[in-house]
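Both chains come to you apart, so use the hints to assemble them.
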Amino acid sequence: MAAQATLSLRPCATLAPSRGALPRAHAGFAPASRPAPALSISCPPRRLESLRRALAVESDQQGSVVVSEDQEEKPRSYYFLVANAKFMLDDEEHFQEQLQEKLRLYEERSKEQDFWLVVEPKFLDRFPNITSRLKRPAVALVSTDRNWIRFMKLRLDRVLAEQFDAETLEEALASNPVELKFDEPAKWTAPYPKYQSGWWEAFLPPKFSNGTA
Amino acid sequence: MASAMELSLLNPTVHHHGIAGKAASQLPARRAFSAVRFRVRASAAAPPAAKPGSPKKRGKTEVNESLLTPRFYTTDFDEMEQLFNAEINKQLNQDEFDALLQEFKTDYNQTHFIRNPEFKEAADKMQGPLRQIFVEFLERSCTAEFSGFLLYKELGRRLKKTNPVVAEIFSLMSRDEARHAGFLNKGLSDFNLALDLGFLTKARKYTFFKPKFIFYATYLSEKIGYWRYITIFRHLKANPEYQVYPIFKYFENWCQDENRHGDFFSALLKAQPQFLNDWKAKLWSRFFCLSVYVTMYLNDCQRTAFYEGIGLNTKEFDMHVIIETNRTTARIFPAVPDVENPEFKRKLDRMVDINTKILAIGESTDMPVVKNLKRVPLIAQLVSEIIAAYLMPPIESGSVDFAEFEPKLVY
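Quick note, the sequences are listed as chains D and X, same order.
Start counting the first sequence at 1; every next residue gets the next number (this note's numbering).
Start counting the second sequence at 1; every next residue gets the next number (this note's numbering).
One or more hints might be untrue.
To be verified - No more than 27 Å apart at the CA atoms, straight line, and that leaves these computed lysine-lysine pairs for DSSO-like: (1) X:LYS210 to X:LYS90; (2) X:LYS205 to X:LYS186; (3) D:LYS187 to X:LYS347; (4) D:LYS181 to X:LYS237; (5) X:LYS249 to D:LYS111; (6) X:LYS315 to D:LYS187; (7) X:LYS125 to X:LYS161; (8) X:LYS212 to X:LYS90; (9) X:LYS160 to X:LYS205; (10) D:LYS187 to X:LYS345; (11) X:LYS315 to D:LYS194; (12) X:LYS212 to X:LYS202; (13) X:LYS249 to D:LYS194; (14) D:LYS86 to D:LYS122; (15) X:LYS160 to X:LYS249; (16) X:LYS237 to X:LYS315; (17) X:LYS186 to X:LYS202; (18) X:LYS105 to D:LYS111; (19) X:LYS186 to X:LYS105; (20) X:LYS345 to D:LYS194; (21) X:LYS408 to D:LYS122; (22) X:LYS345 to X:LYS357; (23) D:LYS181 to D:LYS122; (24) X:LYS270 to X:LYS90; (25) X:LYS237 to D:LYS86; (26) X:LYS205 to D:LYS86; (27) D:LYS135 to X:LYS249; (28) D:LYS194 to X:LYS237; (29) D:LYS187 to X:LYS237; (30) D:LYS86 to D:LYS187; (31) X:LYS161 to X:LYS270; (32) X:LYS160 to X:LYS210; (33) X:LYS161 to X:LYS105.
In short, the hints are calculated from the structure, not lab data.
Chain X extracted, bound-state conformation (with noise of 0.2 Å):
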């Protein structure tokens, strides 16, 4: 899952701490300020001048999460059981799980994640600012995919009974995600550091979330996640004096993985289509679709140093990402949100201007009592920014398989 469901705006209000799930709850009281802020140390960036030779365990004091960190995910498992027990629910289409696990067994990156010396000599070579940076994004992608492992590996482990098929392919996904996690931490094994994996089983939060919006949100997180791969990887490969760190020649197959895996909640979301032929379902969509693209701008417009460091224009970038991600979408979901009307982006860029106003507030010397006081009006404009993209007048969508508008289709 290379983009990590960033799907933080939409905070759903269940957590719990590790796998087992045991509730715990402690929101912090004031929820809905850390909702728009971002803390560099959400996932402990490191000063850049580590000492050579000493790898560091991360993350072993503190775990400290932000509304915009990559989450790990938890669900409904009994839910899920149903869903995919094929005497229970005789619309599965049994035939296009066959097909998919026979493309995830063909294993088409077998052995494409070999590491040479070029990593970390393009380590040593990376100073200043620019390396903090890249320590900050292999961590964040690091526990993005790991995050895909975990609910992908115990989902493989929870319907191996009731469906066999659909079971396999979740634990050849997790094989996936394990890959690329472990690849990534050996990129920061680079910069002499390394994400302790088992701490942060144990230690994040799990947000919850009930299977439909599983299916909407690693969907969209993985198609996502392949758009962002695959643009970076061309627009190096056709500027190479951007390619300051080999990690990005790996992305062109690396992120087939993320497009099959999406194509993979996609027959998920077919099997089911009670997810997808109805109003609820269209609203649904729609709101997912935003609250990715919008996480997605929010936080690297807050890392314009990185897409810079690369040579991409940052807004440029998303756009373009958030436009294909939004096209390949629309192949599935009942309904996606106009992202190609001018407006759109006008608003996001709004929202990028006033989450930086209450970035600023965070950072000034004002006591806390002011620091609220002073956001609550910012945050209102926020939220109806983001309000009004969603009632933009949506695209009806959708797969042949089920679109109203087939029989009209000229192919």
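Isolated chain D (complex conformation) (with noise of 0.2 Å):
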């Protein structure tokens, strides 16, 4: 574990740390882009956290994620890779697999969701350096797990890749509703059908008690 604390300190286009970036600063918790020995002092709380999150959270009949609004939620560093939609959710098939070998583990481990697709992502107002370089609209893969977004990093390769905090989830996976609609391919030499669109579905942000998606 102390191992997965450990950041980077030579500059790294991959997950380097956001300063300028981060909309706020927190007192007892420390921001994710100190280096390590901030890191390794928060990990105490982060976890204590997610436990008490785990309890926050319940499923309902449908399998989606509802959380509750009166738990109080403390702020956590969201980690996300973005590219435009066609990539994300188009193009990369082997991307869907990946994600439904995921949420199969999480579902026979009873583990907590942790990772989400967002549309639109309304946290990329944050970075204008992104953006500039962004084809729209856009898919963000985010998720808390620091380490599953490198190894996504390596694996997905053309995506850019930063972080941020937020308050609560619901903030940090606010996105800008947009529908989102490709093209068939033009020449389909592979000997199976494409995956069905809207497979997407699946992974997008839970719904919020208070009707936002």
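Right, dumping it as structure tokens:
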């Protein structure tokens, strides 16, 4: 676990600490953008918090997760990868397999979901250096698991990586709704049909109790 | 390692016997001629009508190899230790390896490889040539996975001191490979056969590759393995009438392991930018891609019965796998062949034709000397096709973490 908390000190394009992009500093919760010692201090409260959040989150009948509003949430760090929607949802079919596999595993092990796909996320407004290089509509893969996002950056490669802090899950995953439609591929030579459009709906953020998605 | 580092055309010169590496390279005198010759007996295909209830240990008598059989690999372990010593090599992106370790520890397929009675029933129903070709498929796949197990296991052992994280990832990958090989070997038991893996470990030749080449070769082998398995899985899901043996139902989860293994080699290559960033790296990248694609194409075109048996058109299947693997590989290799250029497929098809003629000579009743004389011009033709394919204008590629075109990229 100690190893997971180490941060690379050399300049690194991927998941580099986003100084300046952080909206605010939090008392008692060290921003993850500081070097290793600060991060390791932040570990114990985060673990407690995830336990508390696990209690606050309950599943409804449809299997989608509803977060109760009256539960107080603490700010935490979110890590994300972003690229245009076509790349994320239409071109990279192995990406869907991976997300399905992870979801299956979480169900088998009764693990609280900590990864989501966010279409046109609002948090992008904080990253002009990203939006200037991004085709729209964009889709982000967001998770609280920094290591997993690092792994996914290695897999997807053609994506931009960053991180931010947010007060609540709802705030972190807020999006500007947009309808996604992809053209049929001009040339489809695979001996199997393409995955069905809309597969990503299972990975969209939970419905929050005030009705926003 | 699903597709077995099928790298035979670029057969390197050093062979070892046994993992301990006792040098005993008895190369056949006419190596060049066996180069393009495939013997079904390579991994000792059994007569289809093996007596039920009498499992046979395979390969006790001989290990008959040709250049197109899956190989066992060994490498320079001392050099590997140097490469992953964080004190010597400051470039190591330990974060990426930590992330990979977590992913491998997750062990997505811990409970996936559990058999059911369907296997035996399906095997019993399979008769005639298809049965034989299935046995061969299981044997080759099992050998390939097992070869990955041996290599990764040894690397896990050897790197423990210099880089415990990288070492543990190797060990976890050998866990996956052992699982895959074991599952395939159990499949063979449905056909009343079993591969004697202990014997294979000792008796087969080990091909030596320098670490750099191990990285290129295993990366490709894992990624092409993923694309082969997922393509078969998705095809059979859409066409269940060809689902002749239940092992294919396991491929979807199975091949995610292969894909992850490939990612690890991608990280290893990134940790050694000298293998990615100069003109030599580009030439080697193209060379390895081409070798792997050509070997697979020639191999599979000799086994069309298998692919047709599960409802696939062999050449279409292979081209799809090659194109997708190449696209994936372009995320890390600094250059890849332009396999989507129609001329590339035309060249592959000509290679198949030449190879068929070479095989026909082997089947003829001519004297050995005459056979060899007849083969010479054909081999020259084959080599010139391969060189021509190699010289086709490549595609500049690479990870966006390194690639020169990155600043211009719109995501």
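Hints the structure fails to honour
Numbers 7, 15, 26 and 27 - these are the hints that the structure violates, sorted from lowest upward.
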